[in-house]
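J.: Assemble the complex: chain P is given as a structure, and chain Z must be docked to it using the hints.
Going line by line, the protein sequences match chains P and Z. Read in our numbering, the first sequence has 160 at position 44, and its numbers run on one by one without any break. Read in our numbering, the second sequence has 221 at position 57, and its numbers run on one by one without any break.
Calculated from the structure, these hints are not laboratory results. One thing to keep in mind: the hints can contain errors.
Some chain P residues close to chain Z (C-beta under 10 Å, calculated; not the full set) [stated by the list, open to error]: (1) VAL146; (2) PRO215; (3) PHE216; (4) LEU218; (5) LEU224; (6) GLU241; (7) LEU243; (8) PRO247; (9) GLY252; (10) LEU256; (11) LEU313; (12) ALA315; (13) TRP318; (14) GLU347.
Per the computed footprint, the stretches of chain P lying under chain Z, defined by three or more beta-carbons under 8 Å from a beta-carbon of chain Z, are [as the list claims (entries may be wrong)]: (15) 301-312; (16) 348-360.
Cβ coordinates follow ideal geometry from the N, Cα and C atoms, glycine included.
The chain contents come next:
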Amino acid sequence: MAIAQSSGDAVIDLTGDVRRRRRERRVKAVFFAAAAVSILISVAIVLALVGKAWAFLTSIELSQLWADGWFPRRGRFQLPALLVHTLLITSIAMTVAVPFGLGSAIYLSEYARSGVRRVLKPTLEILAGIPSVVLGFFALQFITPNIVRGMFPDAQSANFLAAGIAVGILTIPLVASVSEDAMRAVPLSLREASYGLGAKKWHTALRVVFPAAISGIIAAVILGISRAVGETMVVALAAGLNGILTFNPTQGGLTMTGAMANLAVGSDRVAGDVAAFQSLFFVGLVLFALTLGLNVMSGRLVRRYRQRY
Amino acid sequence: MIADVRALTSTEMVRRSIEGRRFSPINALVAFMLLFTLLTSVVILVTLLADTITAALPVFEARGFSFITDSLSPSAESAGISQGIMGSLALTGFVIVVAFPLGVAAAVYLEEYASDNRVTRFINANIRNLAGVPSIVYGILGLFLFVEIMMRGIFGTEGGIAGRNVIAGGLTLAVLVLPIMIITTSEALRAVPGGLREASLAVGATRWETIRHHVLPVAFPAILTGSVLTIARAFGESAPLLLAGAQLSLFFSVANDASFVDLVSNQPYTALPIIIFNFARQPQEEFVALTAAAIVVLLVMLLTVNAAAVIVRDRFERRYR
Numbered sequence: 117m118a119i120a121q122s123s124g125d126a127v128i129d130l131t132g133d134v135r136r137r138r139r140e141r142r143v144k145a146v147f148f149a150a151a152a153v154s155i156l157i158s159v160a161i162v163l164a165l166v167g168k169a170w171a172f173l174t175s176i177e178l179s180q181l182w183a184d185g186w187f188p189r190r191g192r193f194q195l196p197a198l199l200v201h202t203l204l205i206t207s208i209a210m211t212v213a214v215p216f217g218l219g220s221a222i223y224l225s226e227y228a229r230s231g232v233r234r235v236l237k238p239t240l241e242i243l244a245g246i247p248s249v250v251l252g253f254f255a256l257q258f259i260t261p262n263i264v265r266g267m268f269p270d271a272q273s274a275n276f277l278a279a280g281i282a283v284g285i286l287t288i289p290l291v292a293s294v295s296e297d298a299m300r301a302v303p304l305s306l307r308e309a310s311y312g313l314g315a316k317k318w319h320t321a322l323r324v325v326f327p328a329a330i331s332g333i334i335a336a337v338i339l340g341i342s343r344a345v346g347e348t349m350v351v352a353l354a355a356g357l358n359g360i361l362t363f364n365p366t367q368g369g370l371t372m373t374g375a376m377a378n379l380a381v382g383s384d385r386v387a388g389d390v391a392a393f394q395s396l397f398f399v400g401l402v403l404f405a406l407t408l409g410l411n412v413m414s415g416r417l418v419r420r421y422r423q424r425y
Numbered sequence: 165m166i167a168d169v170r171a172l173t174s175t176e177m178v179r180r181s182i183e184g185r186r187f188s189p190i191n192a193l194v195a196f197m198l199l200f201t202l203l204t205s206v207v208i209l210v211t212l213l214a215d216t217i218t219a220a221l222p223v224f225e226a227r228g229f230s231f232i233t234d235s236l237s238p239s240a241e242s243a244g245i246s247q248g249i250m251g252s253l254a255l256t257g258f259v260i261v262v263a264f265p266l267g268v269a270a271a272v273y274l275e276e277y278a279s280d281n282r283v284t285r286f287i288n289a290n291i292r293n294l295a296g297v298p299s300i301v302y303g304i305l306g307l308f309l310f311v312e313i314m315m316r317g318i319f320g321t322e323g324g325i326a327g328r329n330v331i332a333g334g335l336t337l338a339v340l341v342l343p344i345m346i347i348t349t350s351e352a353l354r355a356v357p358g359g360l361r362e363a364s365l366a367v368g369a370t371r372w373e374t375i376r377h378h379v380l381p382v383a384f385p386a387i388l389t390g391s392v393l394t395i396a397r398a399f400g401e402s403a404p405l406l407l408a409g410a411q412l413s414l415f416f417s418v419a420n421d422a423s424f425v426d427l428v429s430n431q432p433y434t435a436l437p438i439i440i441f442n443f444a445r446q447p448q449e450e451f452v453a454l455t456a457a458a459i460v461v462l463l464v465m466l467l468t469v470n471a472a473a474v475i476v477r478d479r480f481e482r483r484y485r
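So here's chain P without its partners, still in its complex pose:
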């Protein structure tokens, strides 16, 4: 502390020691630089994707994007096939994740006593922590023979149904935790008013709290969709390598992420400026744009319920 020692008037300088203030500025600058790294990462991602995706688009005929099937080494880049397969997997995954995720969320938020919560919530967290490659193996070795073949005996060994179910299992914890947060943010007074009017517990949970939290719940589902679209390892293991467009969920095929993983697995052979290698970046850009759009949409909805309550 530098206290000005002028004899007559007792002026006290509160600005503090110069050395401490200088250190303060340095520390702040270092921390700001750390925060700014995240922006550099975003810029680098966009640069990495756009450059070679553009090179890819200019090096092929655009009609090749509608060619028959996704066979990059033969110059056939049917993007719609990848999109349809991704959509198939995502729909199956959401058929699993939405009912189970939302049901779990309503139970945890409205029904579970604290003791039950303490036991069951960590189970969901453990499930969320299981690496996706493990779920891929589970899809291949358990879901396909025991569940999918139980319904469709002539399903292929790698099929959309098994992969979709596994992706759905991976997505349940995410959907559950985000929508539980939304429902817990609904003020108690809404529940009290509902009970006060004589509504039963189920009515309050499903007809009052659930609709009140709907924007957060939709956000959770969109986030789940984004997660399912970007899921790679399950799809790479359990959805097959078929590049031909199919709508049949008992067959397999390449999704966007599956196609990328497949190009990477063989990237030794196609490395360089070959169009097949560059298609990796193009598909990556499409995937990036798609998930970014979904995430931004979901973020807007989450902020809406945060503002309201």
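T.: Below, chain Z without anything else, positioned relative to chain P:
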């Protein structure tokens, strides 16, 4: 019964007295169905673990723990996972060294220094969006930035691995978990009561002194737990490594006399999840048990680390409370 009443909130008590003691079938049915959806997750988890462990048992019975110390091999009888474990530990080391300090520093800036202006809001939104980018896209970043530009720029393309070294893989994973690291650390800092900061600032401490001596120590257990869980995520991650240069063959050799610098810059590497992916892709039936055994090792490592994080947090929290 008394304990039961005490556990109820006032809302719940009012609800009970209005609703009465009459049994409502719809109430029971809805409660049962919701509980069923939650228990399904438990059943799935138990099935997954039981199925994997059953499939893995023959490997551990026949070979014991030599499965963990043996090297990769295309033959199922002798294939082990030692390179995967070494690789995963090395990758995790990079993640800790790079992502932990960067993540904590960024979070400290955003929570403790930044005022609510345009730049801050932009950085925050950017971090939220980065956290949602699919992991394989980070693989493209790793391939483009770390393998092709950085590692080939520094170490050249000789040695056959052309920049696909463990540094590139480690940096890729570090960048992947950085946004999550920032978000969990921010939450830990936000949980520190504001009065603590005000008290410290009021007696003349600078902002950094306040953070260093008061905010960080209180938030430390939560930061540590969050970071460990985040790093565990990186440990199980494989999609970005497919692109960022992990070896995908079932046979590769590392030079025996390699120095440390050579080892991290110029020798091939792989990771445990990548080996699992590779084993699972093999057509031979014998690899099924091997895959399951490798999964058991991965899950045991992950669960141990997670449990340790929770225990450490509980101990530290008691000390600071």
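J.: For which of the previously enumerated hints does the structure constitute a violation, in increasing order of number?
T.: none
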